[in-house]
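Novice: So the chains spell out like this:
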Amino acid sequence: MTPASRRYLHPEAIARIARLELRARAVVEGVLAGLHASPFKGQSVEFLQHREYVRGDDLRRVDWKVWGRQDRLYVKEFEEETNLRLALVVDASASMDYASGPLSKYDCAATLAASLAWLALSHGDAAGCTVFDDRVRASVPARTKRSQLASVVEVLETPRGGRGTAFLPVLRSLAETLPRRGLVVVVSDLLGDRDGVFQGLRFLRRRGHDLVLLHVLDDDELEFPFDGPTRFEGLEIAAELACNPRALRAGYLAALEEFLAESRRRAAAARCDYSLVRTCEPLDAALVKFLSRRARMPA
Amino acid sequence: MPTFDFPALVWWGLPLAAAPVLIHLINLLRHRRVRWAAMEFLLASQKRYRTRVLLRQILLMCLRVAAVAGVVLALAQPRWHGALGQLLGSGRTSHLVLLDDSYSMGDLSAGDRLGESSAFDRGRGVVERIAGDLAASSGGHELTLARFSRCVAPPAGGLPRPDLDREAVSPALVQRLRDELARAAPAETGTGPRAALQMALDLFSSGADSGRVLWLVSDFRSRDWKAADEVAESLRRLAAAGVQLRLVDCAAEPGAGNLTVERLEVAGGVPATGVVVPVEVAVRNDSGRPVAGVTVELREDGAARPGVRIDDIPAGGVAARRFDVRFSTAGSHLVDARIPADAVPADNLRTLALDVADRVDVLLVDGDADAGRGGDAFYLSTALAPGAGAPTGLRPRIEPPRALASLDLAAFDCIWLLDVPRLDPPEVAALEAYVKAGGGAVFFGGPRTQADTVNRTLHRAGAGLYPVPLAGPVDLGHAADGPDVRVEDHPVVAVLSGQRNPLLDAVRVDRYLAVERGFEPAAGAGLRRLLSLRTGAPLVVEQPFGAGLVVAVLSTAAPTWNNWARGNPSWVVVMLELESHLAAARRRAESLEVGAQVEVALDAAADAHEVDFTAPPQGAVVHQTAAVGADGRLVARIPAAAAGGYVARWKRLDGSERERACAVNVTPDEGRLERIGRERLDRTLAGVPFRLDDAASFEPDSNALAGVSLLHPLLHALLAILLAEQIVSFFASYHLPGGRRPA
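Sequence order for the protein chains is Z and E. The opening residue of the first sequence carries number 0 in numbering that gives the first Met the number 0; numbering runs sequentially from there. The opening residue of the second sequence carries number 0 in numbering that gives the first Met the number 0; numbering runs sequentially from there.
Just so you know, these hints were derived from the structure itself, not from any lab. Only true hints are included.
Here are the computed distance ranges between Cβ atoms for each label pair:
(1) E/ARG29 - Z/PRO158: 29 to 37 Å
(2) Z/ALA249 - E/ASP228: 54 to 62 Å
(3) Z/LEU275 - E/LEU21: 43 to 51 Å
(4) Z/LEU275 - E/ARG29: 34 to 42 Å
(5) Z/ALA241 - E/ASP228: 58 to 66 Å
Some residues of chain Z that are not near chain E, with every Cβ distance over 12 Å (derived):
(6) ARG54
(7) LEU58
(8) LEU72
(9) LYS144
(10) LEU177
(11) ARG201
(12) ARG265
(13) ALA267
(14) ALA269
(15) SER274
(16) LYS288
(17) PHE289
In this text the structure is predicted, and so the values were computed from the model without any measurement. All C-beta atoms, glycine included, are put in the ideal place defined by N, C-alpha and C.
Bound conformation, chain Z alone (with noise of 0.2 Å):
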């Protein structure tokens, strides 16, 4: 990642580009800076023939049973190595819409979503996005032409109708919709259906994809740093409260902390990869971090 691109890779830099499509490839060249090779590669893909090893091959891939009897390496190929389906999950429910800054929560997501699709894309990989509340709203599925991006930001920019947020029917008729293994990039702040969401990751698992979830939180969420007589409105919940904040910070806080260690559980539970998303970090420094902890996976 070059200095000039983390200058301009800054929430408050990237919310100042109006289009999704502009802000995606912002924080992929950004990315891409950093990277020589495709991260998107992995268990789902299926074995189609050995080849002799050659210089440069990924010693990781080098098949050691054949090696132990014939006395010769032989590496593994796939059947769609450089083709990875990759299906993005974008949480749109109205808790999804808190800012405290120039990107909501939401904003974060789909652009976190655009940046992983042109990504993949750029790599040969197929791309489909799915966006949902308390259904699904808009989809589009995955496909490796030039012009998915496009379709992708589309979705993501589908008019939202600020519901609450029911994850189990959407994962569940995603995992139903997705015809191949894959990998499945859930984002969202997982406000609302908490145990529907991993239902659904445990239900799309069982089908043999791999499975991401980036946890996107609001630094007011995180540090709840609120002063003086204020009035709560709840964005999905239909409650109100009025209260000195100060008072209930700690409570708050001490419930927050326990939510995103249930959140990390449940997640590892699932086998899924969790990642704890500020919408306040630079958002290519988000998804480097994300990136580099799926390359340093084993295969």
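Here the structure of chain Z is known, so what remains is to put chain E in place on it, guided by the hints.
Specialist: Only chain E this time, still in chain Z's reference frame:
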């Protein structure tokens, strides 16, 4: 039950304690609205901490209400009456009553007329009311009473002695106080509040009293507050030490005005037997309107003599009249001048003491002892003592210059130095010591006077007693018309002043001693001209030296360089006036002020040690034995407690009797009845908490001042409340790491 020194503050201030509740209610109405996603955590927190938060907020509110109430109560200065108060302090309140007894408190004004009671009577009533109220109120009280005149150290030495010194207030004490006050009267002193306030500072700097109250009972005249900064500073220090200041004004407003005999003094002449001595009496009118026809009653040695009438005294002004006295016997004599009764009696009388001699010696030091008739000494001695037909009381004694070092110069009324060519250092030293002590010296010039010698030995660049540096003799030259001599504005030659004086016009000056060219007297040297020449050059100049005066006549006494002494009557008149003028400084020193000590110095070798003093006003005889003082002198003395003539009589070892009179007078300024007024008092005491009452409507309200002051316990409690408020606030507050401001 608690009481408050400033109860009005409680009623006006306590509603402020509701301010935190009001602020809370206002805040409830102006909630900020936030649309929030993570409501479930907020609701969980609220459910979990609801009771704790509520209790903490109620506690915080209570602490803030208590803090405001505590500040209000502290400002109102609460006191606790009752046994419980003993746990908090001694429960004893110390009261210091300072009663002004300067003679202006004798003011009998009642509106614009004279009344029956004086300001001092009202002040006495105030003190009695304070004591009575203290005796009737709860709590322990100690009372110290000091009249102003007893707050100054006695002239004989020792410490000031208050009338009552920290005595527990009881009905018996109140009765004793009444009896003592009934005998008290205004002193004839002009003692202001400064010494009294110093006593207050000393008194209140020690002791562990729970309450301290200073009662300043006075007439608050402007004169007493001339050093207002100093008085205000004392009161400020007392207030800072927790002393409550209660000022009680006893003067009547408006006053009836007052006349004061401001001066009674010898206006010239020589106090010798058979010689007429002019005396001047001056009366000051301190009222706002002119006063006409004031008769001044006069007495000589206690015997009435015809008085004088002063026709008109302007408002706020002074008018003077002269009259002549002549005593036929040598010794001390007293002259009294009294004006009719008015608002303040004490300043209606003034006394003058005159030491009358058979003859008064004057010393003529002649530089030419062989001159005889026609010399300087001849002409001067003829002027000072013309002969039996015109007694002046003076006895000239002609001596050569060396006599200055050998004679007792103090025995001479004045010393005249006539064309002396030079004086040796011992002679100069003796002469300077004589003048410094208040004597008078006159230098005449002449052909033997050497300018260089005068400048070097007598003028000494302004350090010596000769007033001017000399350049040398100069011829004046003749003028076709006009006098050679011009009269300057000076009392000695006032008799010659006027448009044209034929006597002075006849004076011709041929030669004189010129003053060095470019000479400028030092600032503040006090050089004055008496006569000048037509050229503008000085002829007669005067300059103070120490307590005395030196006059330089820059020409001859004999008609050598001028013709003044040759048959011109003005010569005699001016020389006699000059003699009186120069001797006046020694004569003025005889008047003392009330409060000082009258003393006579005795000769241990010639006088017995027993002295009888006859003291005014009743002529009581006080017997005193003379004692040797620290300065080695044998002195008998008594304090001058009243104004009038004091006469000391004692016997000499040879059996003869001696007596000496001394005049003791009041300070005339104390008779000025101008008042400081509430407005100026407020301005002077800006920032000092005090309460000013009028004696007529005065209520001591001592009960409010009794008991244990709760101020300090309250301040400690307030500190604890504020600390607790901060702690509770801290735990209820939210502090972002790194100093970030909350959203």
